[in-house]
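Going letter by letter, the sequence shown gives residues 1 to 346 in my numbering.
Some hints here could point you the wrong way.
What the hints assert, rightly or not - Now the in silico label distances, taken between C-beta atoms and shown as ranges:
(1) D58 to T164: 30 to 36 Å
(2) A127 to P255: 45 to 51 Å
(3) H134 to L60: 41 to 47 Å
(4) E119 to T98: 17 to 23 Å
(5) T75 to A7: 50 to 56 Å
(6) R293 to P137: 25 to 31 Å
In short, the hints are calculated from the structure, not lab data. Each residue gets a CB set at the ideal place from its N, CA and C atoms; glycine is no exception.
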Amino acid sequence: SKKPPHADADVVAGVDPPLSYAVVKEFGSVTAARQQWVASRNRLQRLRDVGAALGLIDGLKGKRPVFVVPADGLTLQQADERFQQLRADYPDYEAVFTKGRTLPAAAAEVRARARANYERLLEPARALVLLKLHEAPSGDPTAPDRETRPRWLPVREWLKEAPTELAGWRGLAWTLARLADPGAPEPVNDLASFLDKDTFSININTINLIIPDALEVRPLTGEALRLVLSPASGGPRTERTFNPSGEGARVEERPYREYLFETEPGGKLDYAPGDDLYAALTLADRKALRWDRGRSRLYRFEALRMEPALLERDKPSAEGKDVRLQARPDGGAPKVPDLMPFVDLK
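Could you build the full structure based on these sequences and the hints that come with them?
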């Protein structure tokens, strides 16, 4: 109840000497109990607001499902309108959605819902970034349709200028991203900072390769997984070899097997934008896995975080669906920012 049943000046009945409720409230046990109650109330209110914003709770007056992004996405204008709704319906949205803790029983569902909606929200902003890239010159008169580092530089400067076209979108997107992952970077600044970098370090010591049973493939016995870097400058090719450790193991009763590959520590690769990079593994039955596809040809290391191509002799390549390459240590393979579009230039 917002209004306490007794005023501070009221005297507690049946107590000698007389005590007012103001004095009772100062007792350590009472203060601790109230603090615990306030904390529980705040957690439940946050869960209510998070559930309403994600569309998990219906019918709350003044609490619209602002984080629900339809399957066909939102325009940038619609995202801006959603951000204004967020600020109106949840005035303390920063504290509610980015700083509080979700009750453990609901945390996984909240993160999954937030991530799915965030990924749908990325599309209109990615499309605008791609448009800006198309409008910029390649810097190479002989290849006007090529994706080049000079072509990205005007896009980087535009991002740094806090483009008004993305103002509402970025407020909505970053709030949703942090609901999925409290440590998520702000997407516009993240891409701008990424485009500033001249080199990226790839420092992987161990690879866990997860292959689902449904794919019906397995590594060729004793075969190493290779990571190959060829500099765009024409320098010598560098290859790191990850040797198999064991025969592969099933994790609990899950429908996949996990294979471990290891190499000697300290073999760092320095990747410059535009370098060629791929990973490859020979499989049994004349098949192979190859990781060489990402959203941008300039940043091919993203392939290590994506599904590989499944190759079979004399057949078209297929998708290595649900195959996952987990590089260790964490951060050993650089991450391409979420706002990077799928670049359709050469």
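Comparing the hints with the structure gives:
no., hint, in the structure
1, D58 to T164: 30 to 36 Å, "34 Å, holds"
2, A127 to P255: 45 to 51 Å, "36 Å, violated"
3, H134 to L60: 41 to 47 Å, "43 Å, holds"
4, E119 to T98: 17 to 23 Å, "18 Å, holds"
5, T75 to A7: 50 to 56 Å, "54 Å, holds"
6, R293 to P137: 25 to 31 Å, "26 Å, holds"
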